[in-house]
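Undergrad: Given next are the chains, with one letter for each unit.
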Amino acid sequence: MKINVKFDFKVCCITILEEQLNKLNIPHVVHGPGEVEIKKSLSSEDLNTLSDNLNSYGIEILDEQKVVLVERIKNTIEEMLEGDEAQLLKVSSYLSDKLNYSYAYLSNLFSETTFTSIENFIILRKVDRTKELMANTNLTLTEIAFRLNYSSVAHLSGQFKKTTGLTPTMFQKIMKRRKENSQYSS
Amino acid sequence: MENNKNILNIALADDDMDDRMLFEEAIEEIEIKTKLSLYNNGQELMDALNLPNVILPNLIFLDLNMPVKNGMQCLKEIRMNPNLKGITIAIYSTSSSEKDIEETFVNGANIYLNKPNNFSKLRKSVERVLQLDWQYHTSNLNKDNFLFRL
Numbered sequence: 000m001k002i003n004v005k006f007d008f009k010v011c012c013i014t015i016l017e018e019q020l021n022k023l024n025i026p027h028v029v030h031g032p033g034e035v036e037i038k039k040s041l042s043s044e045d046l047n048t049l050s051d052n053l054n055s056y057g058i059e060i061l062d063e064q065k066v067v068l069v070e071r072i073k074n075t076i077e078e079m080l081e082g083d084e085a086q087l088l089k090v091s092s093y094l095s096d097k098l099n100y101s102y103a104y105l106s107n108l109f110s111e112t113t114f115t116s117i118e119n120f121i122i123l124r125k126v127d128r129t130k131e132l133m134a135n136t137n138l139t140l141t142e143i144a145f146r147l148n149y150s151s152v153a154h155l156s157g158q159f160k161k162t163t164g165l166t167p168t169m170f171q172k173i174m175k176r177r178k179e180n181s182q183y184s185s
Numbered sequence: 000m001e002n003n004k005n006i007l008n009i010a011l012a013d014d015d016m017d018d019r020m021l022f023e024e025a026i027e028e029i030e031i032k033t034k035l036s037l038y039n040n041g042q043e044l045m046d047a048l049n050l051p052n053v054i055l056p057n058l059i060f061l062d063l064n065m066p067v068k069n070g071m072q073c074l075k076e077i078r079m080n081p082n083l084k085g086i087t088i089a090i091y092s093t094s095s096s097e098k099d100i101e102e103t104f105v106n107g108a109n110i111y112l113n114k115p116n117n118f119s120k121l122r123k124s125v126e127r128v129l130q131l132d133w134q135y136h137t138s139n140l141n142k143d144n145f146l147f148r149l
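As they're listed, the protein sequences go chains R and F.
Numbering-wise, the first sequence is residues 0 to 185 according to numbering that gives the first Met the number 0.
Numbering-wise, the second sequence is residues 0 to 149 according to numbering that gives the first Met the number 0.
Chain F with its partners taken away, still in its complex shape (with noise of 0.2 Å):
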């Protein structure tokens, strides 16, 4: 039980499978213990997140074009699901496009993350928001206002 709370459940959904692999090589060289959980859909991670019983992750990284459910329809169904609300949620993209930065924000997004080109970006800027989020849910900070582009 005391070990389980130091361990961050973080899960990813995306649909190209070179970009999971590297996501996950990089998540396993930082420092902070997680158990990553993978989906290759919006639907697959939907469908995870409702069963009953489920220990929800704390974080999700949410690629926004997939087959089946996208990113942006994940997000909201997340947002409006009470039991959900409280997950951090990451947006993890190749866009970099203002307007859907700023419409993923407004639906209720807390970090923008593009996709790296290299992977020791990739292994940095990972550990930078699972320190974010870290910090929100060990502190005194609002977090209706976490909201960080990467």
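Next comes chain R alone, as it looks inside the complex (with noise of 0.2 Å):
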């Protein structure tokens, strides 16, 4: 038997967050999935069992600020690609309103600890957005350009062949038959 899920990683990423807090009784406010206010200061002996339980879900704790600061660029991008009224607006006064630094500083920053420009991401974010539709749905090409906001399908294509090499159909293709292919099928 064989059955398929999909995942909500915001919800899994604060629910882990939670239990791990609660199970060390250490008070806390979760301000989302990057982000947890610890009220009262931590023995290194809690911090030390906190980051080895969080370690075996792949969740790290984040010590140096410029990491801290890219993963907050990400996160931010996340919530603008997902929400509705973020679109309207430019990354850059989006980032840089949300963020309370300049764009320059926020771009130069991303560049040169991920060696990739935010648009750059960006652009992989959204491809890989389209990609999971095509995967996990059974959306159209064109609705998945309707709900990403490309200004039309032939954009999300063109943008598609671009970044990936690979035509959607093609993708969607070979995604197929991973799925027949009963290794993959874990």
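If you are wondering where the hints come from, they were derived from the structure by calculation, not from laboratory data.
You may find that some hints are simply not true.
Selected chain F positions facing chain R (in silico; Cβ < 8 Å) [as the list claims (entries may be wrong)]:
hint, residue
1, E27
2, E30
3, T33
4, V105
5, Q130
6, Q134
7, S138
8, N139
9, L140
10, L146
Given the structure is predicted, the values throughout are model-derived calculations rather than measurements.
Note that the Cβ used here is the ideal one computed from N, Cα and C, for glycine as well.
Hints given; two lone chains; assemble the complex.
TA: Below, the structure written as structure tokens:
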């Protein structure tokens, strides 16, 4: 027997965080998947235990200021791509408003730390959403283009081809064959 | 420890010595810090991956046509092994046959890179592969859909 599952990563992450923090009786407020406010000062022993426990879920406690800011940029982009109101704004003003840094600073920091520009990352993220919707839903490409706020299906399929080197049709064919291939249906 | 985390471990299996040398030169010119291990054929690569307590590469470049064990066989073995499943695989081949490309993707390759015919293109392509790999390891991107043809 085989079942297919779909994840809401945000819910998964927050639930795991809550469970692990409660397990150690740490008073806290979760502000989002990437930020937790701890309501007391933690002993280094508690912090290590928490860090180890979270590590087994692939969750890492970040300590470096730059890395934290890059994560916040990525999370903000994530929110922007999901929300409706944000689509109307320019990425640069959206990020600098939300994070209170100049876009030039954020953009330099991002490139320096991740070796990719914010613009390229956004395209990669949108193409990843497109792939996800193509592989896991029955939406047509036109519907996906509408949902992800592309001006047209031609624009989406052009950006897809340019970024991935594959046409959407080719991608779908490969994913379909992978699913049929039993070793991938784990 | 801190530093090691920022170094990308890369392996290349290719039976052509010139190709290995060019690849090594290209990767040295790239800003992303890497540690490269070279293998002369697929069997050497697989033997290395199966050593006990080995530090696994994050990313493997695989030539398709190699003696002893070819790239396709390596790809299948890697994808069937739960310990190795998470490694990014970039096929690095002269073949641009649509059939080869599709087959490698179906069998779990993440990137298909045609061997470029000049050094500057090679450097650019390898850099792009490293960037993509980096993003897939550090961002919330779905690795199941990690498919690119360069």
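Undergrad: Identify every previously stated hint that the structure contradicts and give their numbers, smallest first.
TA: 1, 3
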